[in-house]
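Asks: Chain by chain, the residues run as shown.
Protein chains: 2
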Amino acid sequence: MQASKPKEITAKKSENFDEWYTQVILRSELMDYSPVSGCMVFRPLSYAIWEIIQRATDELFKKEGIQNVYFPLLIPERLLRKEQEHVEGFAPEVAWVTEAGNTKLEERLAIRPTSETIMYESFSKWIRSYRDLPLKLNQWNSVIRWEFKHPTPFLRSREFLWNEGHTVYATKEEAEAERDIILGIYSKITREYLALPGIIGKKTDKEKFAGAIATYSIEHLLPDGKAIQGPDFHLDGQNFSKAFEITFLNKEGKREYAWQNTWAITTREIGVMVATHSDDRGLVLPPKVAPIQVVIIPILDEKSKVEVLNAARDISKRLESVARVKLDDRDYYTAGWKFNDWEIKGVPLRIEIGPRDIKASQVILARRDTLEKFSANMKDLERAVIDTLESIQSNLYLKAERFLKENTRKASNIKELKELLEKKGGIIQVGWCGMRRCEDKIKEETGGKITNLPLQADRFEKCVICNMESKMTANVAKSY
Amino acid sequence: MQASKPKEITAKKSENFDEWYTQVILRSELMDYSPVSGCMVFRPLSYAIWEIIQRATDELFKKEGIQNVYFPLLIPERLLRKEQEHVEGFAPEVAWVTEAGNTKLEERLAIRPTSETIMYESFSKWIRSYRDLPLKLNQWNSVIRWEFKHPTPFLRSREFLWNEGHTVYATKEEAEAERDIILGIYSKITREYLALPGIIGKKTDKEKFAGAIATYSIEHLLPDGKAIQGPDFHLDGQNFSKAFEITFLNKEGKREYAWQNTWAITTREIGVMVATHSDDRGLVLPPKVAPIQVVIIPILDEKSKVEVLNAARDISKRLESVARVKLDDRDYYTAGWKFNDWEIKGVPLRIEIGPRDIKASQVILARRDTLEKFSANMKDLERAVIDTLESIQSNLYLKAERFLKENTRKASNIKELKELLEKKGGIIQVGWCGMRRCEDKIKEETGGKITNLPLQADRFEKCVICNMESKMTANVAKSY
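Just so you know, the protein sequences line up as chains A and B, in that order. Residues 270 to 749 (the numbering used here) are what the first sequence spells out, left to right. Residues 270 to 749 (the numbering used here) are what the second sequence spells out, left to right.
Don't take each hint at face value.
No copy labels: a pair is met if it fits in one copy or bridges any two.
Below 27 angstroms or equal to it, Euclidean Cα-Cα: the simulated BS3-like pairs (lysine-lysine) are [unchecked claim]:
#1 Lys557 x Lys332
#2 Lys684 x Lys586
#3 Lys557 x Lys331
#4 Lys394 x Lys276
#5 Lys281 x Lys674
Hints are computed from structural coordinates only; laboratory data are not their basis. On a predicted model such as this, the values are computed, not experimentally measured, just so you know.
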């Protein structure tokens, strides 16, 4: 039986981004479609990436004293309806359970689109005094939002995996201080692990989370020039604590409403990472989230087969202490087939070893990001591997950061804004008076929207729409 | 403001087991009820225990080359119906999604009661040749089974957390060889982590998994004399591969149906562990699964407060490298209040340190399992802690094993069986001819059922019901 032909990426990232993205995620075996429209299968490669992200994030949560819990998947309709803005935001996307076995349920149950309403019902029972605060809980689970927009795997999926943090504080100040801690964690994970830069900012009231008083987000820019929202943090103020009667006795014995926050990072980040770093050959994974960081491929001929395989095994053993290593010793595939296979799957570093290398006491290293090949002395292999992986990690980040910088522009009037969005895409910074009608006008006139109000940005004098005084700088982009 | 009174367990384990169990799991803050009938909240304590179980199990899975994945929560009805026995077994308990937003769905979607049918649809696409086998996948998730029996938190819950392993092999022999590997992993986790003995055996055809050709289980015995099923392993043979067309080309280029297995361990084990080890003061946790293994409580008086707190902090620091330690330095609770609080919560080892201990260069150790108190020299503290934790772990296991042995009896006729079940409960070993009508008769006459057919057991000459030749030894018990 013949070896099957490795799957190829035929679309070009620069020519047909959507088709290219679809080919990369399918052919690298990152995911597959499922029989449920808009829901995807996380195959071992993407799930292993998620486990790495999850573990790194969870460790940082635990250092902050945040504890994990698990609340039921199903939320009774009457609970979902307790906070007005919240239910209005989510009801159009809720998947409803109405029957169990052969029995019609008396009350519809929502599959959680997010868990505020079921968690806060418990919080109101658990919290009695200031001694019970802060309460810092988190869960890793999946949620369903039955969106009717066109789904895109990872980027917009009817079911996705995420963390949902839910914290309760005695004072507004403590609640607000959490913002920088959580956004700091998310920023560290996206930058240092996923090699993704992002713009931290505040959402406009129009775009904030349903039920929050303010939402902050990390926004990413995709290679097609569209922005996409990453992890977010919501100051809920006392909205939910009033709807759910979450009160506590303060030190003076007086009853007060508590202050709450919620925050999340989702599997969407995997899609952003894939889209950002990958190329026309397939996936490119940053070493820190690559389940396999180094693949070793022995170059075999009949005469020296045993010797080469043994050398490859030795190297594999040696490298286990410095990297996540895989030795590909399958004998029914050629070395060329394997090169292609691991390239599509995005393994950051390939090591080739053949009879000539053994004689020269060296191996060949091939970087997935730059496709460069170079030899490394067998003696210093650990060092060479560590250094190369670090170099790949930082190269990917710097490239993505450069792209973001080059595609962040300024416009001082609507004509400029429109032209830049149409011709160049990317992020356009403008002045904004803060009025909803100017925000709506931006959308109407340009098709772009205010993605967020960056915390760090130059100031403008005038609003890009009404020419009144600019109160804040807004990032405008076409977005997912 | 006064310190609140610590919660007490008022029911006795030996007198009113059900009430005692409920008090223990609620008052230790292990769980809480939720607004969804039959679904529970995993509070930080039980979820942290689950994380420890999950991580230990997952590491053993990964050593066997098993990879984690995530398949959609929802299963289209037509897929669930593909394997006849399977759908008949699960349909009466399925929670159905019929609406999304304001739209009625064209096809009902089942919330997974288990994921065979959605996973195997993908397997049939992914598996082409013998090179794609074995395929060894697993997922950690929650499932919903809308049972109408009386729910008991952890032990029988409409939503529970579990692993579901799904493996595919080219040959029957390879598939069957996996049984001992997986049951070995589950046995190791239940015995060495949860300190739970169990009886490994085969389920009868009546009791096997819907769709399997054979089911193997680990059965536990609860303190009330009832048996309860623990982790299980199902040989699916070619039942699903035929229903889902999971075929592969073998080395000779001939198409064959694949051989499949499925296996699971669930959060029920937490309930079994709690019921087995805990006592009239509250929870007793085996050290290996205790999120906090050692709690340090400073005994403070006004004069030596600073000195004692500093000493307690030093000890806490020192012990971090050998155990999961918590220093309880809350100043609004008395030492006595704290003793009680951590006893209810089951922390295996308490360390007390006061001014007199500092002078004597010692601390007081208090074991949660035996309630013994003894002093340990400050110099050898690490050793004393390690040894005591090990001793607690093995003591709990041995006690549980002794209980299981003492409550495993034999009966040679139906009268004996009935009497033993009624008067003593526990497990009764009997001879069985293997016929369904004798199995049904046991249930009718005694209210007990065949829990499993132990792999290791003495043989009987005659069937306990029909007096024909006994083909196998059966364990009979009243069961959850």
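Asks: All hints, please: hold or fail.
Replies: Taking the hints in turn, this is what the structure says about them:
| no. | hint | result |
| --- | --- | --- |
| 1 | Lys557 x Lys332 | both (20 angstroms within a copy, 21 angstroms between copies) |
| 2 | Lys684 x Lys586 | neither (61 angstroms within a copy, 63 angstroms between copies) |
| 3 | Lys557 x Lys331 | both (20 angstroms within a copy, 19 angstroms between copies) |
| 4 | Lys394 x Lys276 | between (55 angstroms within a copy, 15 angstroms between copies) |
| 5 | Lys281 x Lys674 | within (23 angstroms within a copy, 68 angstroms between copies) |
Hint compliance for this structure: hint 2 is the single one not met.
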